[in-house]
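So you can see what is in the structure, the chains are spelled out below.
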Amino acid sequence: MKAGLQKADPHGVLTGTHFMDGDHACCEGALAAGCRCAAGYPITPSTEVVERFASRVPMVGGTFIQMEDELAASITLQGMVWAGAKAFTVTSGPGFSLMMEHIGYAAMTETPCVFVDVQRGGPSTGLPTLPAQADMMQARWGSHGDYEIIALCPNSPQECFDLTIKAFNLAEEYRVPVMFMMDECVGHMSEKVVIPPADQIEVVARKHTHKSVEDYLPYATNGDQVPEMAHAGEGYNFHVTGLTHDERGYPNMTLPTQDKLVRRLQSKILDAVDRISMFEEEQLEGADVVVVSYGITSRVAQRAIEAARKKGLRVGKLRLITAWPFPDKKIREIAANIKAFVVPELNLGQMVREVERAAHGQAKTFAVSHAGGGVHNPEDILKVIVEASQCQTV
Amino acid sequence: MSDSLMPDEMIPDLVTDILNPVEPFLRSDRMPHIWCPGCGIGTTVNSFARALIESKIDLGSLALVSGIGCTGRVAGYVKLDSFHTTHGRAIPFATGLKLANPKLNVVVYSGDGDLSAIGGNHLIHAARRNIDLKVICVNNLIYAMTGGQTAPTTPDHSTTSTNPYGVFEPSFNLPHLVDAAGAVYVARWTTFHVRQLTRSINEAFHKKGFSFIEVISPCPTLYQRRNKLGDGLDAMKYYKEKSKIRHGAPTGEVGMTMTGEIIVGKFVDRERPDYQTMMRGQYQESLGERFVEQTEMVCS
Numbered sequence: 001m002k003a004g005l006q007k008a009d010p011h012g013v014l015t016g017t018h019f020m021d022g023d024h025a026c027c028e029g030a031l032a033a034g035c036r037c038a039a040g041y042p043i044t045p046s047t048e049v050v051e052r053f054a055s056r057v058p059m060v061g062g063t064f065i066q067m068e069d070e071l072a073a074s075i076t077l078q079g080m081v082w083a084g085a086k087a088f089t090v091t092s093g094p095g096f097s098l099m100m101e102h103i104g105y106a107a108m109t110e111t112p113c114v115f116v117d118v119q120r121g122g123p124s125t126g127l128p129t130l131p132a133q134a135d136m137m138q139a140r141w142g143s144h145g146d147y148e149i150i151a152l153c154p155n156s157p158q159e160c161f162d163l164t165i166k167a168f169n170l171a172e173e174y175r176v177p178v179m180f181m182m183d184e185c186v187g188h189m190s191e192k193v194v195i196p197p198a199d200q201i202e203v204v205a206r207k208h209t210h211k212s213v214e215d216y217l218p219y220a221t222n223g224d225q226v227p228e229m230a231h232a233g234e235g236y237n238f239h240v241t242g243l244t245h246d247e248r249g250y251p252n253m254t255l256p257t258q259d260k261l262v263r264r265l266q267s268k269i270l271d272a273v274d275r276i277s278m279f280e281e282e283q284l285e286g287a288d289v290v291v292v293s294y295g296i297t298s299r300v301a302q303r304a305i306e307a308a309r310k311k312g313l314r315v316g317k318l319r320l321i322t323a324w325p326f327p328d329k330k331i332r333e334i335a336a337n338i339k340a341f342v343v344p345e346l347n348l349g350q351m352v353r354e355v356e357r358a359a360h361g362q363a364k365t366f367a368v369s370h371a372g373g374g375v376h377n378p379e380d381i382l383k384v385i386v387e388a389s390q391c392q393t394v
Numbered sequence: 001m002s003d004s005l006m007p008d009e010m011i012p013d014l015v016t017d018i019l020n021p022v023e024p025f026l027r028s029d030r031m032p033h034i035w036c037p038g039c040g041i042g043t044t045v046n047s048f049a050r051a052l053i054e055s056k057i058d059l060g061s062l063a064l065v066s067g068i069g070c071t072g073r074v075a076g077y078v079k080l081d082s083f084h085t086t087h088g089r090a091i092p093f094a095t096g097l098k099l100a101n102p103k104l105n106v107v108v109y110s111g112d113g114d115l116s117a118i119g120g121n122h123l124i125h126a127a128r129r130n131i132d133l134k135v136i137c138v139n140n141l142i143y144a145m146t147g148g149q150t151a152p153t154t155p156d157h158s159t160t161s162t163n164p165y166g167v168f169e170p171s172f173n174l175p176h177l178v179d180a181a182g183a184v185y186v187a188r189w190t191t192f193h194v195r196q197l198t199r200s201i202n203e204a205f206h207k208k209g210f211s212f213i214e215v216i217s218p219c220p221t222l223y224q225r226r227n228k229l230g231d232g233l234d235a236m237k238y239y240k241e242k243s244k245i246r247h248g249a250p251t252g253e254v255g256m257t258m259t260g261e262i263i264v265g266k267f268v269d270r271e272r273p274d275y276q277t278m279m280r281g282q283y284q285e286s287l288g289e290r291f292v293e294q295t296e297m298v299c300s
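Residue numbers (the working numbering), protein chains in the order written: chain A, 1 to 394; chain B, 1 to 300.
The hints are simulated quantities; they were obtained by calculation from the structure and are not laboratory data.
Each hint should be verified, as a subset may be incorrect.
Claimed, not checked - Pairs of lysine-lysine residues, derived as DSS-like cross-links and limited to a Cα-Cα distance of at most 25 Å, are as follows:
hint	chain 1	residue 1	chain 2	residue 2
1	A	K310	A	K329
2	A	K211	B	K103
3	A	K268	A	K339
4	B	K208	A	K211
5	A	K207	B	K103
6	B	K207	B	K103
7	B	K103	B	K242
8	A	K330	A	K364
9	B	K79	B	K208
10	A	K207	B	K79
11	B	K56	B	K240
12	A	K192	A	K7
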């Protein structure tokens with residue numbers, strides 16, 4: 001087994017075949033991943049995740065606290081992490097906006113944690129009970145300054161379970177906040193969810209230091225760009241700050257320290273894109289058009305793709321399971337061999353810009369935008385696939 | 001100071017001759033600190049370190065959390081597990097530490113603006129929940145790090161960079177606020193009262209629940225100067241002359257003015273179960289044997 005990899009603690013694993021919604025499956029994924037602490041604030045359509053956590057966690061040895069707002073929830077969970085726990089928080093658009101500062105703090109202090117965003121229509125209070133995928137850019141760029149995060153997009157309750165475990169594992173492996181980008185549809189739809197036995201679930205342990213107190217430098221790296229962590233109460237007397245800091249963790253506001261730190265926060269993720277990226281792909285070989293989608297929209301797009309194939313069109317599918325870091329290389333490789341990408345999403349054009357950027361003029365890019373509040377009519381996606389397949393090769 | 005208290009040759013060499021008893025608690029590799037001459041924050045740290053000695057508290061179990069501002073820098077100077085968090089959020093971060101590892105002794109050390117303005121919501125809710133935190137609030141009556149803007153604690157009629165014609169909004173009486181919200185221990189001292197402050201911090205360490213100690217502290221650079229209140233030494237004279245110790249004073253009567261009396265003392269010392277005791281009790285009552293005690297959280 002790879003270093004740092006463990007089997008799940010059976011106490012948190014509800015092994016069996018269930019019929020449950022995505023929000024509940026996400027909670028079960030967190031428990032299976034070893035998460036025993038959460039801080040939250042109620043917001044539709046995400047609250048069921050922490051409601052279930054609040055009911056389950058006292059029976060597996062852990063704690064949930066409902067904080068006074070999302071600012072508090074998003075930093076309380078980081079206190080939990082520095083005390084040694086795996087922790088997460090759960091929210092939706094307006095709350096996600098309030099959490100941005102602490103996503104930056106987690107990125108800067110390299111606090112492994114998970115932020116779940118069950119996306120709803122925006123801007124502002126928008127459509128509290130209806131779906132959207134319009135927080136994708138916010139997840140990537142919402143906090144100030146340069147940093148990288150990881151974002152995953154489940155498209156079913158089963159994936160809400162499986163990928164929540166993955167989100168915790170990635171958070172620990174790279175010491176980075178991971179955004180779990182659900183949407184109201186995926187959160188509220190009920191489907192079969194199979195939870196395997198604990199010994200079939202792999203979880204990544206905290207990258208905890210084995211160094212002595214004298215030798216430990218909180219932000220020194222050992223070749224893999226990810227420093228080792230210590231926890232409060234272990235005698236390391238370490239310092240953590242959101243200020244630009246050196247390897248000792250001490251504030252050091254000089255240009256070389258800033259340059260070294262911020263570039264490492266970026267490169268520890270970007271250098272690992274190939275290992276982090278997950279896709280589902282279908283018939284890319286020989287395709288004229290490739291539909292790039294994620295989350296609930298990928299399931300609507302599937303119908304359009306199949307209808308297009310029935311018309312004799314050569315259509316491939318690329319579903320982004322990892323939205324961030326964006327798989328530039330993958331898109332570039334596909335772009336070299338196709339006429340066009342079609343990108344349906346429940347926003348007015350967010351990830352489509354990334355596809356267009358990565359395609360770098362090798363293939364055309366067609367957006368199928370939607371203001372949110374429902375899902376696409378597959379016919380609308382089909383029309384654009386037909387249009388795209390008729391376009392001239394660039 | 002104009003007249004030296006002792007001849008130069010009698011002044012010991014502090015580096016070689018005397019080991020300051022608080023030195024082991026400080027990160028000497030981070031000195032000199034950033035605080036201005038006459039600032040009171042260093043004095044409070046001295047009292048805090050002496051309280052650590054006197055209380056014999058296990059330093060390995062002690063974590064200190066600061067927010068942002070001049071006092072927020074305390075976390076960077078103490079040789080403890082220390083967290084310099086975001087503006088206003090020291091209390092919720094500290095709440096997370098305490099909840100995930102109840103064995104930790106968690107101190108929040110921050111300023112008046114950080115704790116009562118941007119962090120005001122967390123302050124009252126942590127007091128309401130009675131989270132077992134020791135909050136040391138250094139109140140210099142102003143936003144100092146950013147250049148002397150009005151704080152919720154700035155006294156009426158004083159002048160600040162954002163109220164250049166005088167402050168007209170009423171200020172917070174912090175002991176009254178946290179008392180009303182449910183804190184189990186509330187005290188106020190000034191940086192003149194170093195021994196009393198040490199004693200209060202020591203008492204708070206032995207008190208389970210939300211403790212709040214306000215320390216009135218001079219900001220000669222911004223508050224004193226702009227309000228023609230002299231330097232750090234003048235502040236000490238003011239604190240000495242105008243402070244009145246009134247233990248148990250009703251907190252509603254301890255509000256401050258710019259040059260008036262400062263009521264100091266231990267105002268509140270009461271018993272009330274803390275958050276985690278209440279939580280465990282509730283789970284035990286509702287879940288019986290299905291309740292699983294939170295054990296080792298460390299996920300390594």
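With a cut-off of 25 Å on the C-alpha distance, tell me whether A:K207 and B:K103 pass. Since the Cα atoms of A:K207 and B:K103 sit roughly 22 Å apart, the hinted pair holds (cutoff 25 Å).
Pair hint A:K192 and A:K7, alpha-carbon separation not exceeding 25 Å: 23 Å, holds
Can you confirm whether the C-alpha distance between A:K310 and A:K329 stays at or below 25 Å? 30 Å, violated
Under the criterion that the straight-line Cα-Cα distance not exceed 25 Å, is the pair B:K56, B:K240 satisfied? 30 Å, violated
Straight-line Cα separation of B:K79 and B:K208 no greater than 25 Å? 24 Å, holds
Between the alpha carbons of A:K268 and A:K339, is the straight-line distance 25 Å or under? 34 Å, violated
Straight-line Cα separation of A:K207 and B:K79 no greater than 25 Å? 23 Å, holds
Quick one, are A:K211 and B:K103 close enough, alpha carbons at most 25 Å? Satisfied, since the Cα-Cα distance of roughly 23 Å is no more than 25 Å.
Between the alpha carbons of B:K208 and A:K211, is the straight-line distance 25 Å or under? Measuring from Cα to Cα gives roughly 34 Å; hence the hint is violated.
Restraint check for A:K330 with A:K364, where alpha carbons must lie at most 25 Å apart: 16 Å, holds
Does B:K242 lie within 25 Å of B:K103 when you go C-alpha to C-alpha? 40 Å, violated
Quick one, are B:K207 and B:K103 close enough, alpha carbons at most 25 Å? Holds - the C-alpha atoms of B:K103 and B:K207 are around 14 Å apart, at most 25 Å.
Of the numbered hints listed earlier, those contradicted by the structure are 1, 3, 4, 7 and 11.
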